[in-house]
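A.B. asks: Okay, here's what each chain looks like letter by letter:
Number of protein chains: 2
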Amino acid sequence: MSNTLCYINNRFVPYEEAKVHISDLGLQRGDAIFDYFLEINGRIPFLDDYLDRFYNSARLVDLDVPLDRALLKEKIAHLLQQNKFRNSGIKLLLTGGYSDDLYSPGTPNFMILNLHGIHSPDEFDAGVKLILLDYQRHMPEVKTTFYMPSISLFPKMKEYGAIEVLYHHNGMISETTRANIFLVKDKKLATPSAGVLKGITRKHVIMVAKELMPVEERDVSLDELWDSDEVFMTGTSKHMIPVVEIEGRKIGNGKPGELTKEISQAYERFFEKQGF
Amino acid sequence: MSNTLCYINNRFVPYEEAKVHISDLGLQRGDAIFDYFLEINGRIPFLDDYLDRFYNSARLVDLDVPLDRALLKEKIAHLLQQNKFRNSGIKLLLTGGYSDDLYSPGTPNFMILNLHGIHSPDEFDAGVKLILLDYQRHMPEVKTTFYMPSISLFPKMKEYGAIEVLYHHNGMISETTRANIFLVKDKKLATPSAGVLKGITRKHVIMVAKELMPVEERDVSLDELWDSDEVFMTGTSKHMIPVVEIEGRKIGNGKPGELTKEISQAYERFFEKQGF
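Protein chains in written order, with the numbering used here: chain F, 1 to 276; chain E, 1001 to 1276.
Since the hints were made in silico from the structure, they are not lab data. Cβ atoms here follow ideal geometry from the backbone N, Cα and C, with glycine treated the same way. Worth double-checking, as some hints may not be accurate.
[What the hints assert, rightly or not] Below, simulated SDA-like cross-link-like pairs (lysine to any residue); rule was C-alpha separation at most 25 Å, straight line:
1) K19/F x E1268/E
2) K1019/E x K156/F
3) K1156/E x A58/F
4) K156/F x D1134/E
5) K1019/E x E16/F
6) K198/F x V1208/E
7) K156/F x K1091/E
8) K19/F x K1158/E
9) K1019/E x D1134/E
10) K1019/E x K187/F
11) K91/F x K1156/E
12) K19/F x L1051/E
13) K158/F x D1100/E
14) K1091/E x D100/F
15) K1073/E x L1051/E
16) K19/F x Q1136/E
17) K198/F x P1014/E
18) K1156/E x E16/F
19) K1156/E x G195/F
20) K187/F x D64/F
21) K1019/E x K261/F
22) K19/F x K1156/E
23) K1156/E x V65/F
24) K1238/E x D100/F
25) K84/F x E17/F
26) K1158/E x V13/F
27) K91/F x S1104/E
28) K75/F x H1021/E
29) K156/F x G1195/E
[What the hints assert, rightly or not] In silico negatives: residues of chain F with every beta carbon more than 12 Å from chain E:
30) I22
31) L60
32) P105
33) D125
34) R137
35) S193
36) M213
37) K261
38) E262
39) Q265
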């Protein structure tokens, strides 16, 4: 990371030197939103989808993004040109700014991070494990930074060999720490529609899968999950990952499902057609 | 604040220069807990109560406090000696530390902030207004930094002239942004017992009030709130503040209640007896 640049409040600075004063409200009060997307060979798939979501998150929690969309794209492009990565992550982070009383919002701090070498382990193809947490995110349509509920479960995740936490509440499932969840039952696909962050990959997987089978966006119960034939997750870095075990209970036969593979192949064809 | 010192990771540094790298998980993922208490004439009322709560918060979210209690007290004492404030606030903040992938916990960052001149406006005696939010904090017994749900309502708070947000969920009330809530009805006192951070001032107000009237710690509904004779909040900086209006609806006759005043006077006598 030694020569990596990032962007903070209208300045490009080396990542290693990128600091904020401790009075930042993102740090002191969790008053921050973000978004995250990938650069592939210098281009960013579905950039406008991600920026739509970022500006919408900011609006919903009353934070002003200091750059309009055109200028933001310029800054991202400049950052990518400087860092010269091929296949990197880009994280936008917007906080409530510096606050004298550590409570009242100030002028937002805005930063763009460009991260290299942290995505898409291939072992995910073999399927992954999840653990459960009774939790419903507040303002689920907003990409807030509050991940403590699952991060505090790292010891339990290690114990189970799980990579993420699946949230459920009142008997219904919603999403995992950083991904959307889908289940296959009787050759139909279902995914929760309420109380979730609407993933960009989720949107495209639904679109692609509809060519192959019935797809339902609706409430999905924990009971249905246990009774499902196949389960998978979708996310920006992961694309699609089979889920083979949840909280020690096998899903289906405990192996990646056939329809999951079929949808995944169709999604990868769709993705490649975008020219990335 | 120009000569104020604070403490970060075993160093005393000028507050103005106190910064964290942007890879801190408190900033990136809201993975942080804190506590807050007052120094009065060089002494800290109920310090062990606050430290009990701080170490308990840390334990419940799997964060290690890098100092044991004796050493932490030494650092706080040293900070107070250096800053020489009389009547200041002390904030402990513990985060998940620096994280290469901005997700996996690192070695916690721990800081002690000493804040001057931000507490207890006298105008609170006249009673304050609140607004409502349907929200239940996750792990309410942990003092997490996630205040975005109420901070994002600053514009609405301004519109109503409200100072804080009262949380309710499934028809029951819990707590406000930074305080506990009590209501008086038919000369009895009630305060929510579940889903709240157990305030140190709350504990002592209950103790004091029990000498004066029946006190119930139990579930309290929003309907009861509207039907109550008097409402007040308790907090470390505020001690007791009458609440006279919530979301535009007057409580009782819209003025601070007589029993609220009686309990408040008894609490202040108790507080002064501690020798502060």
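A.B. asks: Against which earlier hints does the structure fall short, listed by number upward?
C.D. replies: As far as the earlier hints go, 1, 2, 4, 6, 7, 8, 9, 10, 11, 12, 16, 17, 18, 20, 21, 22, 26, 30, 31, 32 and 34 are violated by this structure, in ascending order.
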